[in-house]
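Engineer: Protein chains in written order, with this note's numbering: chain A, 1 to 178; chain B, 179 to 356; chain C, 357 to 596.
I should point out that these hints are in silico values taken from the structure, not numbers from a laboratory. We put the beta carbon where it would ideally sit given N, CA and C, even for glycine. Be careful, since some hints might not be right.
Here are the simulated SDA-like pairs of lysine to any residue, each with C-alpha atoms no more than 20 Å apart in a straight line [as the list claims (entries may be wrong)]:
hint, chain 1, residue 1, chain 2, residue 2
1, C, K490, B, F335
2, B, K247, A, F5
3, B, K201, B, E223
4, B, K279, B, L338
5, B, K229, A, R53
6, B, K264, A, K116
7, A, K24, A, E45
8, C, K458, A, K136
9, B, K319, B, P281
10, C, K492, B, K201
11, B, K201, A, G146
12, A, K116, C, F367
13, A, K116, C, F415
14, A, K51, C, G475
15, B, K294, A, S107
16, C, K458, A, G146
17, C, K426, C, G475
18, A, K136, A, R106
19, C, K458, C, L474
20, A, K24, B, R255
21, A, K141, B, K201
22, C, K382, C, K458
23, C, K464, A, T127
24, C, K464, A, N158
25, B, K264, C, Q483
26, A, K116, C, K490
Far from chain A, by Cβ distances over 10 Å, these chain B residues were calculated [stated by the list, open to error]:
hint, residue
27, Q280
28, N300
29, L330
30, E339
31, L341
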Amino acid sequence: MFYDFLRGHVEALLFAAGEPLSKKRIADILQTETETIERLIALLEEDYRSKNRGLCIRHVAGGYQLVTKPDFDNLIRQLISQQELKLSSAAMETLAIVAFKQPVTRSEMEAIRGVKVDGVVNTLLETGLICEAGRKDSIGKPILYGTTELFLTTFGFNSLEELPPLPEDLSVLQSVED
Amino acid sequence: MFYDFLRGHVEALLFAAGEPLSKKRIADILQTETETIERLIALLEEDYRSKNRGLCIRHVAGGYQLVTKPDFDNLIRQLISQQELKLSSAAMETLAIVAFKQPVTRSEMEAIRGVKVDGVVNTLLETGLICEAGRKDSIGKPILYGTTELFLTTFGFNSLEELPPLPEDLSVLQSVED
Amino acid sequence: MPNYNIKIQDFEGPLDLLMHLIEKDKVDIYDIPIVDITEQYITYLNAMKEFDMDIASDFLVMAATLLQIKSRMLLPKPPVESTEEQEDPRQMLVDMLVEYRKIRLQAKMLTECLAMSLGYHQRKPMQFPDIRKKIKHLSFTDLLDSLNGLLTIEKHEPALIERQRFNVQDKMNNILELLEQNNNSLEFSSLITSKISRSEIIASFLAILELMRLNRITIRQARPFSPIFVFLREDMTDVL
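Isolated chain A (complex conformation):
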């Protein structure tokens, strides 16, 4: 195939970037069309399907990211003494509010959770999962918060539209716990 020789270029770019790259971005750097990039990504993915390869391409945060295959999860965990991202249930609830209701102010989060959220919001800001997203046009111009691209990458979403919808019937009282 004509563009075949660019396969290595794309692999090198994805590797160096670490983070997801949009096809637009890759196309700009390689001075080619996004359609070409799509084809190259498909070719690379075919290569990666081989048992002998440890990597794969993830479609996430509106781009492509080179990552290890999930099969090697346990293996890699032995390697990395990475501080696993562990969020408290308070943090997860608050993150859920930001994710599903963004942009949202601190007091709106507090109204839903029924408790102060200052500590949790600061923790979430530190993790980089949420960020300030302007100010609300109301008294005191409170800061609005939204999720970041890191949120999408970390949770494996391609875009905010991909956030899973809520089950329709909430009145059925299924325990949230189990």
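Dock chains B and C against the given chain A, drawing on the hints supplied.
Structural biologist: Coordinates of chains B and C only, in the frame set by chain A:
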């Protein structure tokens, strides 16, 4: 070859590690001999020799490191230099405060924005748009911040004197002192 | 005390606790037995107190809300004058709980997504210390727009606290004088009359409390709802 199926494992490990891994370390994790690792690395290197691949293995610091092929150096540099840094709304607000009120301390910025500014100030320092500008002659001698020449270039000003005066209704900001 | 098998500390906040109580009894969220739930809720707060735990104010606010809803439920309904539907006093609570449950479900879904996503390992972006990222060209307008965001952040006027017009110390002297003029005893209600302003009532009341603390006066009441009398204690003098 007998150990062939471990090729992907090694690739995944090298990828995730980022830094060089010794063959001893890889052998330990895969519970095999270092000789096996040597053979697996050789196999991987053969794979990487293909034109279609963007990566190669570097023998460095007593170990193996997965890196991009040197041929792609210029390409990858474009990844960084082409990238336009976008300032968040939090960063823009803080930058505006520094620009109009310089020299200004962190706590003065915090008083105006109503939230901690440590993260944002660090980001702004990294971009080179602001810099330290001495210390304030008050308790604790807090660091003062001001804008840089890069700030002028980025915003298209010739000098700080060219910064238009604050519009009247913005003078609220002026009244916030310490 | 009713039997509760709730582990103390388990709850993130009042809604979390309420949710637990409701789910435990498999109660219909749209038809909460408010009397029962309120009782259970308050029992739990009392248990927290027994364990010497600080009860966060959020929990107390919810307790007050529950009690208020309860009392409104118990009040006889005003005659229905219009066809307008009377709002269920529990409605606000139901809305809050439904919203909260939604968020909890969403948090749970996010947790599952995270668990799945963590199986993929990424690598850190390559660093090029010799290259500085270009900054998007910005204009003065961008800068002004950002200032605008800050602008109407309320500039808080310092709150003015009015000087107390009635001084507790003066009131104390005043009450002692009155007592001496009236054979060392007075009816409590004569000291706190509705003729005086609210701030004067507060000052008088505080003065009485303070005089009691200083053992200058005693207060007696023959039986519940009978008049309260204030007496001067002559055994103690010159404490002021």
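Engineer: Please list, smallest to largest, the hint numbers that this structure does not respect.
Structural biologist: 6, 8, 10, 11, 17, 19, 21, 26
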